[in-house]
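S.K.: What follows is the residue order along each chain.
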Amino acid sequence: MAHTLDVNGRSMSFDVPDQMPLLWALRDIGGLTGTKFGCGMGLCGACTVLIDGQAARSCITPVSAVTGRRITTIEGVGADETGNVVQKAWRELNVPQCGYCQPGQIMTATALLHSNTKPTDADIDAAMAGNICRCGTYPRIRAAIKRAADSARGEK
Amino acid sequence: MSTAVDREAGVSIGRRTVLKSAGALTGLVLYLRAAGTLAAEEPRKYGADAMPGGTVDDPLVFVSLQEDGRLTVTVHRPEMGQGIRTSLAMVIADELEADWARVRVTQAPADEDRYGSQNTDGSRSMRHFFAPMRRVGAAARAMLETAAALRWKVPVSEVAARNHEVVHLKSDRRLAFGVLAKDAAQLPVPARGEVRLKDPQAFRYIGRSDMQLVDGADIVEGRAQYGIDVRLDGMLYASIARPPVTGGKVAKYDGSAALRVPGVVKVVLLQSTALPAAFNPLGGVAVVATNTWAANQGRAALQIEWDDGVNETYESERYRKTLETAARAPAKAVRNDGDALGALAKSKRRVEAEYYLPHLAHATMEPPAAVARASGGKCEAWACVQAPQATRELIAEHLGLKPEDVTVHITLLGGGFGRKSKPDYVAEAALLSREMAGKPVKVTWTREDDLRHDYYHTVSVEHLEAALDASGKPTAWLHRTTAPTIGATFSLEANSQSPEEFGQSAIGLPFAIANFRLEVAEADAHTRIGWFRSVSNIPHAFAVQCFVAELAAAAGRDPKDYLLELIGPARRVDPRKLSDEWNYDESPQRYPVDAGRFRNVIEVVAGKAGWGRRLPQGRGLGIAAAYSFMTYAAAVVEVVVEKGVLSIPRVDIAIDCGPQINPDRIRSQVEGACIMGVSLATSG
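If you read the sequences in order, they're chains E and D.
No gaps in the numbering here: position 97 of the first sequence is 97 in our numbering, and each next residue is one more.
Numbers given in our numbering equal positions in the second sequence, counted from 1, plus 1000.
Hints listed in this document are in silico derivations from the structure and should not be mistaken for laboratory results.
Note that this is a predicted model, so its numbers are computed, not measured.
For every residue, glycine included, the Cβ atom is placed at its ideal position computed from N, Cα and C.
Label pairs and their in silico Cβ distance ranges:
(1) E:116 with D:1556: 47 to 53 Å
(2) E:117 with D:1271: 55 to 61 Å
(3) E:1 with D:1619: 56 to 62 Å
(4) E:116 with D:1659: 40 to 46 Å
(5) D:1349 with E:150: 56 to 62 Å
Construct all of the structure, not just a fragment, from the sequences and the given hints.
M.R.: See the structure below:
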């Protein structure tokens, strides 16, 4: 069945079963491979996208649940002011190692900064707890979120 | 590491067997290639020369300069987060006097004849390729300088390359690199001995801490391409149910329900190969579909009966008892200084400890995944692999092709840690593409597949005993290490750790103990055992360092002082004097065991961590040091135990890895390794 989704401000049509997770629709049908598969159970955060600005696990979100909602993926988050400063901070601090989980980390971090412009370490740890990085980039992720927060508030 | 261990497997199963089975086992093909360099009378080769493929330092292979000045550097070692695409490019660009802003990096396909060793494990990339890549950059720089001198008709001694230009020093005339590209390409490549390297004082990029990752923008913007991301026209997607037990196979199956799942195209029986597992695909039943989700749904609908085979009863808790029994009985000594057994028997003060370390799964964030297209007697694959050439040979072997008919493109790896040194999953994609009449097929492992069918880090019991004299100093040391060997993945007869395994933090300890005995007990493998990050250093260094702390506690001494006393004064020790013939396949002259460097990391970290500071109740500091893959490392870990719950507020680490090319990536590796280590130690 055809589902019309708003992905990164663009209308995309997916002729897939209702229950297909958004992750696979984006990756295999839509060709947007920036959103990653990590576990398929909403446990690792690699597949995180924004749905109406909220971080969501695309691997356990059926396509039928997101029609008519605003979906932002890593390919589009740079158009968002906050997403852009997060990406910039990530680059400046060389956060990634292998980089595979970083799209999910960036999406969750962007959602955090949308709701909390000055997160503490505890806020960051709580918000990011569901995003796993096997390379262990957590200290830099925390530092990059703080840098992005400062930069978004104009404190360079 | 594969070469070394494969060599061991070859030795243990005998040359005739090797020759008979070589065609079926990629690991042993590698063995034969390595053995070719080890003929009886030849002097032993070390370092990169001991690796299949060796090194190549031809600038025409690694550097391409466009007339508009764009410089493309080919990196032949796979990137898995260690930063090698950035770091090797920095080395070439630096010696070449290139402007970093105009440097692009491209990834070499699998071709060791052309590029040299691509087997990216063993912490070798920079150790083995720093010097060759310096020569690449320097040779290219010399060619550009010569081209400019010829054009100006001046002696080459009057010109110098500087930041993407060649300058005539007397007249300050300048020619951009791009303008010289064509001329330079026509010139002969300078002989290796004539290449003039830069004075390290003049390095532009090497050693700088502010270098940005070459893949940074692609990663944060979602454009970076991993094995799992490759898309080809007409591509199909496969999910495979593999035998749950190593050595098992499909007894019977019914794919009819799977075929009714919308999107499923075909159900394919994949033959399981006989043990040893080597790099071979495990076999099973594959569901091929038009997308990953349909393939996974179809797979869930498969009805399969398995024949579990010889490892049917393997069970971790029971196997632990088997290992403990072996660890408590005398075993083969591989180092025996003095008379440790006699000294222990006579001792009035003995300390004994045993450390059990479970199997570990690599759990790379990107699970194994690959795309292949096999048609017309050729195969092309796109894969996240650490061992490009082994991948090429494995595909060739399974499809009955010649390696030169197989092309393997290397994507970024979403984590490697040694898992992706074993390319079984790429062969799966190749076999399925052939099954689908040459349509490209992507195989994606689920997370459950990854954890169930890993080449696990070995499980071990480390048994240690020591005798202490009246002052608390150890007079005897007995370490009995008991673990299934990686060699068993390549040979059914391998049943104890090889020199490459007990050579890691067990045999070559430069401890001042007169009676030192290392024993290696036998242990059969019942699953696929493989390289995992620092490999056998994990169980050995963990046990040895815990035990040193136990001895210090028994002696009532400070563990840092005690450890330093054991290491003794700064000196260089030939590893062979410590019964270590392997030495990570590096020259014992170039890489002796350096007690001074070992001491230094301990002293530095103790100073930075405030070792000896007073801590409130429930808090403590621990110290440990290890020499792993030619790097000296020491750590002080602060721990808090509150209401029975452990937390770790702070870890200090000092490492001495030799020359620092990209300090930021060294730091990031240490940060990450520290977190992974804590995770392994506390959660398995």
